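Sequences listed follow chains A and B, in order. Quick note on numbering: the first sequence equals residues 3 to 117 in the working numbering. Quick note on numbering: the second sequence equals residues 3 to 117 in the working numbering.
For the record, the hints were derived by calculation from the structure and aren't laboratory data. For clarity, every value in this text was computed on a predicted model and none was experimentally measured. Each statement offered as a hint is correct.
It does not matter which identical chain is used: a pair holds within one copy or between any two.
Calculated lysine-lysine pairs in the DSS-like style (CA-CA distance at most 25 Å, straight line):
id, residue 1, residue 2
1, LYS64, LYS28
2, LYS112, LYS64
3, LYS112, LYS73
4, LYS73, LYS30
5, LYS73, LYS42
6, LYS42, LYS30
7, LYS42, LYS64
Number of protein chains: 2
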Amino acid sequence: MAERSTTECTSKLNAIDDALYVIGGKWKLRVIASLREGHKRFNEIQRVSVGISARVLSNELKELEMNGFVKRTVHTQTPVVVEYQLTDYADTLGDLFLALAEWGEMHRDKIRRER
Amino acid sequence: MAERSTTECTSKLNAIDDALYVIGGKWKLRVIASLREGHKRFNEIQRVSVGISARVLSNELKELEMNGFVKRTVHTQTPVVVEYQLTDYADTLGDLFLALAEWGEMHRDKIRRER
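Please take these sequences and the hints and turn them into a complete structure.
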């Protein structure tokens, strides 16, 4: 890994920090990824995000809503139905998800080759 | 966000899950990013990864070493010096860091515009 100019690197590091501050952590990207197929209800998101508790999912959805990635819609028929969907702003994460998916596939192939 | 074919999406979701399993969480990418400038000692990494405790950093470095992203070198002069550097395998994260940095810069501009 070639050593980069410090100023260039510091600004890149800050930008990476900013990104990870908003979408880092164990669950955020996984919850967003689960909604990329289309809108879902709470328990549908929980089922796809294997291992997440209801309390943690509820907090993650609140933060994602506050940061403008997720829209919460309450359908007032009986029984009331609450649905979550991605906002247009979440589309800006497209390249990042692509890079994550490509790296994940590459990493999985590497692990398989090493077995 | 157009609804994608479920099989294509499931395999992408699994790949994203695999990636986040290895490099997700609050600190991994930030610790790797801090080493992209070149090798560093423990306290140098801790200083750049603002907010990380010594105990957490020590665990993260052990996991990153185990997963093949970081190499630990012990220089046996007196006093002993321990240095960490990225492996060639960590280079495969280049596109991901680029996508993260670009998104972080875009997000920061959006936040500034909204103030």
